[in-house]
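Visitor: These protein sequence lines are chains X, E, V and L, in that order. Once you know that position 46 of the first sequence is 46 in the working numbering, the rest is easy, because the numbers rise by one and skip nothing. Once you know that position 322 of the second sequence is 1322 in the working numbering, the rest is easy, because the numbers rise by one and skip nothing. Once you know that position 234 of the third sequence is 2234 in the working numbering, the rest is easy, because the numbers rise by one and skip nothing. Once you know that position 129 of the fourth sequence is 3129 in the working numbering, the rest is easy, because the numbers rise by one and skip nothing.
Be careful, since some hints might not be right.
Unchecked claim - Residues from chain X shown here face chain E by an in silico Cβ test under 8 Å; the list is partial: (1) A100; (2) C183; (3) Q238; (4) H242.
Claimed, not checked - Here are the simulated EDC-like pairs of lysine to aspartate or glutamate, each with C-alpha atoms no more than 20 Å apart in a straight line: (5) K3387/L to E3175/L; (6) K1268/E to E2002/V; (7) K3179/L to E3107/L; (8) K3387/L to D246/X; (9) K2387/V to D1002/E; (10) K3202/L to D1308/E; (11) K2308/V to E1027/E; (12) K1232/E to E3207/L; (13) K2007/V to E1233/E; (14) K232/X to E2036/V; (15) K3387/L to E117/X; (16) K3269/L to D343/X; (17) K108/X to E148/X; (18) K2007/V to D1002/E; (19) K2202/V to D308/X; (20) K3202/L to E1007/E; (21) K2387/V to E1027/E; (22) K2388/V to D1002/E; (23) K3388/L to E222/X.
For the record, the hints were derived by calculation from the structure and aren't laboratory data. Even glycine gets a Cβ: it sits at the ideal position worked out from N, Cα and C.
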Amino acid sequence: MDFTFTEDQLLFREAIGRFLSTEASPENLRDIWSNEQAPIDNLLEQICAQGLSALSIPEANGGLGMGDIAWSLMTQELGYYAVVDQLADAAYVGAGLISALPNTVALKAEYLDKICEGKLRLAIGHECSPLVADAQLAGVLLMQHNNEVHIVSPDNVRITPNASIDTSRRLAQVDWQPSDKTCAASGEEGQIIWQETLNRGALSVAGQLLGLAQRMLDLSVEYSLQRKQFGKEIGSFQAVKHQLADVAGKIEIAKPVLYRAACSLENKHPLSDIHVSQARNFCNDAAALAARHSIQVHGAMGYTWEVDLQMYMKRSWALNNTWGDSTCHQARVQNYVLNTDVDLAPSKTFEVMS
Amino acid sequence: MDFTFTEDQLLFREAIGRFLSTEASPENLRDIWSNEQAPIDNLLEQICAQGLSALSIPEANGGLGMGDIAWSLMTQELGYYAVVDQLADAAYVGAGLISALPNTVALKAEYLDKICEGKLRLAIGHECSPLVADAQLAGVLLMQHNNEVHIVSPDNVRITPNASIDTSRRLAQVDWQPSDKTCAASGEEGQIIWQETLNRGALSVAGQLLGLAQRMLDLSVEYSLQRKQFGKEIGSFQAVKHQLADVAGKIEIAKPVLYRAACSLENKHPLSDIHVSQARNFCNDAAALAARHSIQVHGAMGYTWEVDLQMYMKRSWALNNTWGDSTCHQARVQNYVLNTDVDLAPSKTFEVMS
Amino acid sequence: MELTFSKEQQNFRLEVREWLAANVPKQKLPTYDTKEGFELHRQWEKKLFDATLSMVMWPTKYGGRGCDLIDWLIFEEEYYGAGAPGRVNQNGQLLLGSTIMEFGTAEQKARFLPKMASSEDMWAQAWSEPNAGSDMANISSKAELHGDHYIINGQKTWSTRAIYADWAFGLFRSEAGSKRHHGLSFLLVPLDAEGVTIRPIKALDGEDAFAEIFFDNVKVPVENRIGDDGQGWHVAMATAGFERGLLLRSPARFQQPARRLVKLYRDNKAVADRDASIGAAVAKCWSDAEAYALSAYNTVGRVNNGEKIGAESSLNKIFWSELDLLIFQTAMDILGATGQLLRSAELAKEQAYWLDGFLFAQAGPIYAGTNEIQRNIVAERVLGLPKK
Amino acid sequence: MELTFSKEQQNFRLEVREWLAANVPKQKLPTYDTKEGFELHRQWEKKLFDATLSMVMWPTKYGGRGCDLIDWLIFEEEYYGAGAPGRVNQNGQLLLGSTIMEFGTAEQKARFLPKMASSEDMWAQAWSEPNAGSDMANISSKAELHGDHYIINGQKTWSTRAIYADWAFGLFRSEAGSKRHHGLSFLLVPLDAEGVTIRPIKALDGEDAFAEIFFDNVKVPVENRIGDDGQGWHVAMATAGFERGLLLRSPARFQQPARRLVKLYRDNKAVADRDASIGAAVAKCWSDAEAYALSAYNTVGRVNNGEKIGAESSLNKIFWSELDLLIFQTAMDILGATGQLLRSAELAKEQAYWLDGFLFAQAGPIYAGTNEIQRNIVAERVLGLPKK
């Protein structure tokens, strides 16, 4: 029983954070939010140049073989700097999906190599949403059709962009036709891949939401120390203090829930679905309260396009229903607790004894 | 359209409040909470001497014919002074029940006269609860058996007291046998009587809860002006201010909901069930928050038997599930909103147009 | 207590209902935070005015029809119930209108009110300043009296609708060296006057919903002052209470989205009920909106009986702003992944209504006095807790 | 990260589980706030001690078995999971115990710890004073040093368990004229000493759960001082952080009622589901309790790695006290009309468990530093917001 990260994992997180703090600064982010395409390419190229796209690829395929546990730190950094979907979707969720494909799939090794080299952009279409993120950028689309995994070329799909509140997101409907030729996995195998992919996507979002919550909290603390009302920094008013303390509380309690879910996913724990959804519920909560209290602390400034807060806030609202609606994650936990006859004794937190 | 009380109604409320402030002072109340029986008799006699037991009795029977609208003010005073169940149950709910009995019921006129004179104590056993309040004191018990109203003598029942957290309440199980002889109404007539009685009981409790909420707020404001911490009255801390302001908000919003329900009941509005349950939800909420924030403002003192707060707080917890559990009132409103196809247009607040 | 409408009230309701059914544009107008939308809303206001439905409570001589507050509540119920356009000139009509009605001279009334009712004149408010947000008495924009006119200098901010409006109204410090609430004057300033510069502020949705206004030696005639010199705070606050709050946010404004939320829930029951708490939240939204309506009718009755209404407006403000958040948040929870889509997105049908409302609801606890300030007011003025 | 238990840990769990299965009284003990209940709990503690299960983390020489914090969490899971009696001597064992372990002399450890582990000595805390509640540094009870002993005078209040306890521990002002945190000494006082008067305070449930303690020239030998003269605040605070908070309220303390709440819900599903929000609340209670457990394991891991844990204990305090309220409030909502019944009532079966817990939960946000104080601490020490 050791619920901590290794020194390496923590140092790696720190390094990524340092890198992103310059490459994904609020100014750069604002560019991405304001323009259509180019700035994402720059950022993604920088990121690939750092080898970040190779993180999840198995060591056998030339990657770093980084697992879900380490990613639960990484995704927080991605959230904190509001990095666009593509990175986590390709380097983490997509790489996981491709790694899980049967070795008989001809393109598997090639794709893993390309991701390693930062030369493949992926989009994943899961039935939990009618929207696919970054479909327009994708070199290959991984599409769900019931239990089947299909590998689809962008040439064979119709992509209809759907603009959203987070303008750094490129969401689209993707119309396509499943065929035997595109099918890379099916039956129980396909089902397990999609189940794991949904969990990984949801966990990736959970981490990002937590990072976003922390960013909103930091911005609010900073603002509350600058802004004066009635002759005092607003951060000295008890109402402001308590609002921000409550956000800190939501963030702290969400962390271990996120980490446990990551550990379960990495170890294929039978309750991974529940643990991931629990993580999502806590991280959704933290991000929602952070947004709510941050805009309040920012006052009228918080309602403007001008302050950085708006980007992180909108992204948190958008991600809240990405890789599974918030209600679907609530439902998985509620069903487990309310509609099963599992004994939920205190001793069962980690043990699944019979 | 006139959503206000008459001068008379308001003056009457004031007079009752003045009377109760001496007769049902916290010291007297503490006596009732600490001893078994005698003090209730004193209080009830005082109250009957004032003619309060005759309020609801139709004028034709020598009473004041006071309706539900006026009672929605009265019950708030009863709550504010935490007057025992017997008064509202006999003079308001019970009197209403008896008045609604068919005139063929031999004892009807006699009972109405006796209530007028303050000589009849009633207990009402409704199937919404296995507990009957003040059964031990009752000269007659009005018992529900499906749609039937039974008038039962205390000689023919077995009463098992059940002690509760509000020691001024005398709750009991009542074992009894329905018979043709005890049956005073049945069929549709009985059903309507019980439906109206539940609504009246629930509304009586709603008013009392609102009065209790106001009392708890007043006690807390008073305490927060006396108690000092860190060299200042605790009432000057923003956290305390906001907690108490929120209680005031819950109380204010509950009032018109209570009054509308009273008006609906008095006028046999087809949505009386919904309106009464809405009133209960809002008044339950107000009392619950008042208790929560009052004990917080009182600090450790609030957790003691010694402060008056505890009596009002416990009574609010007890009444919250009296004359219908809180979940049953939530259910009536939720069903109406969620599971019907009624159009809830803004114009429908008072109109039931087709 | 009598909770039914008179024959006259019912007739008025039916008249409004029929007129709206015939005249409300089938297609939602573009937002009035764009030039095009602003003009279309101005045209709509003119149409309302021509039917004497623009300011139903105003005297007929100023373009109204002399209705009382109950009629006004009825009007609002029908107006929102019909999904009619937002009121682009409401800051003038609802906030400034009452002030001029109470403190304006006969000339000022005749000069300003009819054109306000018809929206020939569009009005922007100019209250806040960079250092006078919640602490409104901290105003530092100056107005120097020179014979028959003031020269004003300074900066206002968060001025809603100022980009396209014709006029602004606000408080200016007319007594040099005065402090807090003293020495302020309530002035009306034409926005095309020399020395006025307007710089838009983009709101959360990217539209120019507010502006900063800079005054550089702007000349304003004394006839544009409401009330006496130095009495501006008194003038501004006198109508700041219950009625102003109610006019700004009538119950129907919340009952209509609550009604739509119930429909959204019923239409998506299977999805929504995956999370058990959604149904309870939907019912609460509807019930809260109705409670707010009941509260309004109750208070109007007491006002009509001559009762003074105090800090209820602070409680109302807190209540409706939190209700608004709950309504639109719950809708977002039901909509799930598509809730984030903008109006232009192909998959967005009803979504844009909810997203717009969700964004706007975020500002509710902030504008018109933050909810923290409102709670302080309740604690100090209603409950008697100490100021410091 | 490795979230499974070692063979040794599993064996320890099974040993505890089996011992408890064989020894936990079938019938719930009467409350320890009565004389009879107090004695029965003392006997239970002796039994635990004899099985070296009283203070599993203490060194064997003081009656423990030298377990680490993970073992302790396991012990607590089994202890609460088995519905074993409340720990009557916990203020001594968990709060004072750690302090003596860290600051006591070898003599003091040998003198106090074993009898504390066996509950031969029962301990009451004596922190609060009438004017030093949330503001603990406001202590005014005096201790004058006279050679080899102190003479103490003053009053303590909210002293849990003081009525039947043998000893009390607390802070006394030993430097005349000193202010705030300075000049305080940490003293252990036998409650049968001459000059000690104890007056019970009835708690919400009518039982004598607390007491006031009056000290009238009470003589306390210098050997009863923990740490140096005037260093009392430092001594008291050093162990006031994460570990003390965790010991006071282990996760299992909340997981067990959450588990029972789930069962209560499942057994009364039809009734509970009348209000759609109940199911969601039940699931949240369980999930929150589990999150608190995860948080404890995570923090223990970091402590074991030598990390310093700061204001997390303030966040924990807020979290568990609010969770406790939600658990028992939700149970009350499910129980409905019978929830108000006392243990003696015929219809009360499980009800008394819930009502007792509901009452006790009310105090959670108040004791051990009110939640308002905790939020201030988080804002100031974690977020760096200004003090004033």
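Visitor: Check the structure against each numbered hint from earlier and tell me which ones fail, lowest number first.
Guide: 1, 2, 5, 7, 9, 11, 12, 13, 14, 15, 20, 21 and 22
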